[in-house]
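Novice: Sequence lines, in order, name chains V and H. If you want the numbering used here, it's the 1-based position in the first sequence plus 114. Every letter in the second sequence is one number past the one before it in the numbering used here, and letter 235, counting from 1, is 224.
One should not assume that every hint holds.
FRET-style restraints, in silico, Cβ to Cβ [said to hold, decoys possible]:
(1) V/LEU240 / H/ARG68: 34 to 42 Å
(2) V/THR323 / H/VAL28: 47 to 55 Å
(3) H/CYS52 / V/THR117: 21 to 29 Å
(4) V/ARG309 / H/ARG237: 56 to 64 Å
(5) V/SER127 / H/ASP128: 38 to 46 Å
(6) V/ARG309 / H/ARG68: 17 to 25 Å
(7) V/VAL313 / H/ARG237: 49 to 57 Å
(8) H/ILE(-7) / V/GLY150: 51 to 59 Å
(9) H/LYS(-9) / V/ILE147: 55 to 63 Å
One side of the interface only, derived from the structure: several residues of chain V facing chain H at Cβ under 8 Å [as the list claims (entries may be wrong)]:
(10) GLY136
(11) LYS138
(12) VAL140
(13) ARG213
Calculated from the structure, these hints are not laboratory results. All C-beta atoms in this analysis are idealised placements derived from N, C-alpha and C, irrespective of residue type, glycine included.
Residue-level listing of the chains:
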Amino acid sequence: MSTTAVAVANRKSLRFYDTTVGKKAVMAVSGIILFGFVLAHMAGNLQIYEGPEKLNGYAKLLRAMPAALWGARLTLLLMVLLHIWSSVKLALLNKLEARPTGYVRHKNQSASYAARTMYWSGPIILCFVIYHLMEFTWGVGGTPYLEGNVYANVVAGFKVLPVSAFYILSMILLGMHLSHGLSSLFRSLGFDHPRYTPVIKRLAVAISTIIVIGNISIPISVLAGWVK
Amino acid sequence: MKLILHIWRQKNAASAGRMVRYEAGDLNADMSMLEALDVLNERLIEKGEEPVAFEHDCREGICGSCGFMINGVAHGPQRLTTTCQLTLRHFKDGDELYLEPWRAKAFPVLKDLIVDRSAFDRIIAAGGYISVPTGSAPDGNAIPVPKDKADRAMDAAACIGCGACVAACPNAAAALFTGAKITHLGLLPQGEPERHERALNMVAQWNLEGFGSCTNLGECEAACPKGIRLEVIAHMNRDYLAASCRRR
């Protein structure tokens, strides 16, 4: 009887964020918001193909709305922190605690490469985001930087081969991360349907591919001399 | 037919175990995996050695007692098949097989291929039931159940609690098992009144037992001998999220 009472008390003490299901929901919601940013950011950046005035004008427009800009920045920062905090907590549980003795032989039957490497693609993307901010927002990335001239900064930055290479690699990893995350988040939030889930999975891969192609087209265009 | 079997041997829960190589002869293709172990054990007993301990009961794939890893796959290479129903014709003469117990912190090894799955019982005790007395069987159509819901509840109820989902999951999560129980009861009118409380309590107990979290890889679905689908995990998440919002 007393052990039952203790068990019930322990269960009641677990609040939403204490459980794995709660943390996955937090990851899913923060992931959706971060995905929205990735999409909008790419749409904004593709204006590079319309010339310096257009892209620099767009950058100026964003800076002209400091309240919205900082609101968005703080929201994104909060989402990044929630996404990382939840995933680190779950990764520690999954990798270190849940299976102390591993298998001598183990074969995966269904998990995709992208899904199995979320723990790796995530941190690499974080490193990339930090360098990306250093390069194009703070101007301390080691490539030429002119305040307010986004177009020139992008062209000068991507002319440096290692910078472009790291960018392209990071975008491919981001695409892999999204290809799993964009469909997985539906199940984390409670949606799975035999008719729609296969469609969602295909759409997730398609959207991730579009994001990779759209973003890496910029350094490739700079390196090829199409954008100068 | 002959098989080379590498089997995890462990004296008891406290001792360390190791893989031991056996050459199992006198087998034939119509035998099940468990019968192959029976034959091996007879030889071991004749030689005065300790037989390999493994769990089994019905040997017709419906009780959920048996199961171990065969070459890194829970219940072996044949889909929708428990270990007891896996026949040797799926292997070639002379094949080398690695037999290991389920591995999870929440499933401690008791001996050889046997693990303690009491954690599953405690998850069930946390809410995998209907509290109201059901009395004698009601008239057939007294409680209408839509056909679609009845089918999905029945599909989820096919879970035999063998633990293959936990064993196959890279995170040792108990999501498919817990999801199957929550879906099976939550979809039916009799289980509806406790639907939210059940989701809160069973998920909490799963977490307290030390299982990992679901990362939507689908390894559990691939390993499940009863074909439980990932959909039940979404159902569980939905019930849990709704219950968390409404909780007072």
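Novice: For a quick check of understanding: which of the numbered hints are violated here, in increasing order?
Specialist: 4, 7, 12
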